[in-house]
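Novice: Take a look at the letters that make up each chain.
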Amino acid sequence: MSEPTSADTLSELARCRDEIERLDNEIIALLGKRLTLGKRTGALKRAAGLPILDPTREAAVIRRVTEHARQSGLPTEPVREIFWQIVGMSRRAQENA
Amino acid sequence: MIIVTKPHISDAEIDHIRERIESVGMRTHLSRGEVRTIIGCIGDESLLDEVPLRSMPGVESVTPVLKPYKLASREFVADRTIVRVGGRDSEATFGGDTITVIAGPCSVENREMLFDTAHVVADSGARMLRGGAFKPRTSPYAFQGLGARALELLAEVRAETGLPIVTEVMDTRQVDLVAEHADMLQVGARNMQNFALLAELGHVRRPVLLKRGLSATIKELLMAAEYIMANGNHDVVLCERGIRTYETATRNTLDVAAIPVLKRETHLPVIVDPSHAGGDASLVAPLAFAAIAAGADGLIVEVHPDPERALSDGDQSLPPAAFTTLMEGVATFARAANRELSPLRHPARAVA
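Protein chains in written order, with the working numbering: chain A, 1 to 97; chain B, 1 to 352.
Among these hints, one or two may not hold up.
[As the list claims (entries may be wrong)] Here are the simulated EDC-like cross-link-like pairs (lysine to aspartate or glutamate), alpha carbons at most 20 angstroms apart as the crow flies:
1) Lys-70(B) <-> Glu-77(A)
2) Lys-70(B) <-> Asp-235(B)
3) Lys-70(B) <-> Glu-220(B)
4) Lys-45(A) <-> Glu-95(A)
5) Lys-70(B) <-> Glu-81(A)
6) Lys-219(B) <-> Glu-75(B)
No lab work stands behind these hints: they were computed from the structure.
Chain B with its partners taken away, still in its complex shape (with noise of 0.2 angstroms):
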């Protein structure tokens, strides 16, 4: 259930709202948009049939949400939100106006490549780094990951580059020492659906990267965020990187379509991964391009300074220099979906 409030609705008259609606045992959320402000009410929605809600003070209109999602549905807040990462000094923003672009290899290998990587993509426009510790690989005897010594690395790089990193969770015993080295915490296409991972997410306050599955419908991708959300925690910015299709000339099918329904479901921001899409280099450019024109609100690209020799994803990983070049091209596709780059926030230290 919604309740959207009258405009200029004083402080006491949403405290006696939202008194009345969590004394029946329900709790709520508060949305203050720059026009409406909107109570969602969280709970058994049948515990509202005795309240009075429509005649209260300051109650515009009461409608139920008839999604299964609530906290993640479009009509549950008043405007989109946008997910902050980072601290004060280099600040990522998914959502609004802007298109954010993460940047990194598939995996930490050592110091040097990712020194090296983090300062092409910075460079070329790059807002944050990515970089695998613990990799979920389909075979238990292909390259694992650095682990700890992968985040104490990412950490390093952050401090000399200042992009904000993100990197991937695959246990619920790992998120407290992912989440004391990086600033976003990545969601697998595998664990879409662990739930007691998503839960655990709901507990840290550090904004989740949530990758669709491989084989997951949009409904099911947001009743992930939810529970993520459910749990306390509503920085979430969802990821579509395709899908397992029929087709074997891709790796994945990128779901083009999946982010204007996305962002007609959902007020969380969307971003894509072609690298994994296509899961081929020659193709991350022309879906990259596609995501924007669909509206994604950021990308996440794999770069690599010496893909032939990548320990994992060599296929789909970009070379510095293609990224650059792909990044010239983000930027004419923002500019024409009347988007624009995220800017850089302190050039002074991205550079140094």
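Same shape as in the complex, but just chain A (with noise of 0.2 angstroms):
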């Protein structure tokens, strides 16, 4: 169905594959450093008497993300399905914390 795969096509498509892992892991990385920022931002709510949940404040965060996704070229409803999760995670990190 395609043509014979050449040994070039091959360790390139491992050096992606690699490349990809390597990002994978970074985005891990970032997840963590902005969980512990949510989790510091609940504590924070807390001392100054304000609600953890704060739906206007996420509202605005997909709003930003979405805009610039759409300024970034991709495609904006997953981006905003992704960044849905993240905020929820934090949000519950933030009510455990």
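Got two chains here, separate frames each, mind docking them using the hints?
Specialist: Written as structure tokens, this is what we have:
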């Protein structure tokens, strides 16, 4: 169904996969940092007597990443979905902190 | 609540409307059609009482969705949904102008029968292969399926024939395993209201074939679809497979009227299983033709190289020659309904 694969193509594929794995690790590390900051925010909200759930703030975050994704040429709906998950994860961490 | 936007609404205006809705704790779903864009609101609608939606720039109209199902309802999206299954080389689609046929054995029994059946159904125009790995049998003593081994065989057949595969998942614990091998995950009639399973399927990015429960109403079927969609997976194909009535001459009673009713109520594709509906090989063709005449987007048919020796559902399985004849009839009925059989995408692969 396709051309015989050359050794060059295969090694390039392996290189791309390594790079993807490295980026995945970076994403995980960044998520960890974001979660730590989220927990800190949660503690500060508590100290200030503010509620943990702040839908207005969450909606603003989603709007900001939507615009950013659009400007970067990324599909906006999947990015919104990913960030709703991240925002939800952060909120749960704040609630349990 | 659905918001129909004005034509030529800007991205910034859409962002603004969505932010206002989401800032009260609701979520939104965007559907861009050829002529209109719809923003669906998901959550407690009373939260929107204070939001002046009608006066926001870009809003044409605001309408409440009165049905208990929202994401599945016809008005929630701009155009009917087309569900794409499988990879780029061998994609099968459900919905739109074509009729797509899934065929294969009730259960995967061994390598030889699966490969034989796959080639026969592909040559006759089927675009997807079915085959049970985990079988929900009424009796605990009946053949329960080959399990993980069957999944591996199905994946091997896909590699050889290019046919995407659908197989049933019965349990939340099997979802990841089945999703690893199959292109589409089937929820059987007996599991249609297994809400834990439906929620789990919402989290995987694989299209779902949702069969109507034996005693489920159309509304209950749509609520089951809503469960999957509310959990994030919008690629759901509904399947009418007959319902339980007082009639004993047939295994189930095919609810033909459910097809146009579903097409009115939902944007999701609807296919029909004439094999389980009648429970008898001689009823498969007439029920299949009725389904297409009533507007079905596809069929799922049981085919076995030697029905007499089938380990399950032999009575309702078609032998290969009968399936070929059936497909000729299906093509004729499809044309009469202004549809056509889903064309072969990569002929070189399917006959390889």
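Novice: Take the hints in turn and mark each one as holding or not.
Specialist: Consistency of the hints with the structure:
no. : hint                     : verdict
1   : Lys-70(B) <-> Glu-77(A)  : holds, 19 angstroms
2   : Lys-70(B) <-> Asp-235(B) : holds, 15 angstroms
3   : Lys-70(B) <-> Glu-220(B) : holds, 13 angstroms
4   : Lys-45(A) <-> Glu-95(A)  : holds, 11 angstroms
5   : Lys-70(B) <-> Glu-81(A)  : holds, 18 angstroms
6   : Lys-219(B) <-> Glu-75(B) : holds, 15 angstroms
The structure agrees with every numbered hint stated previously.
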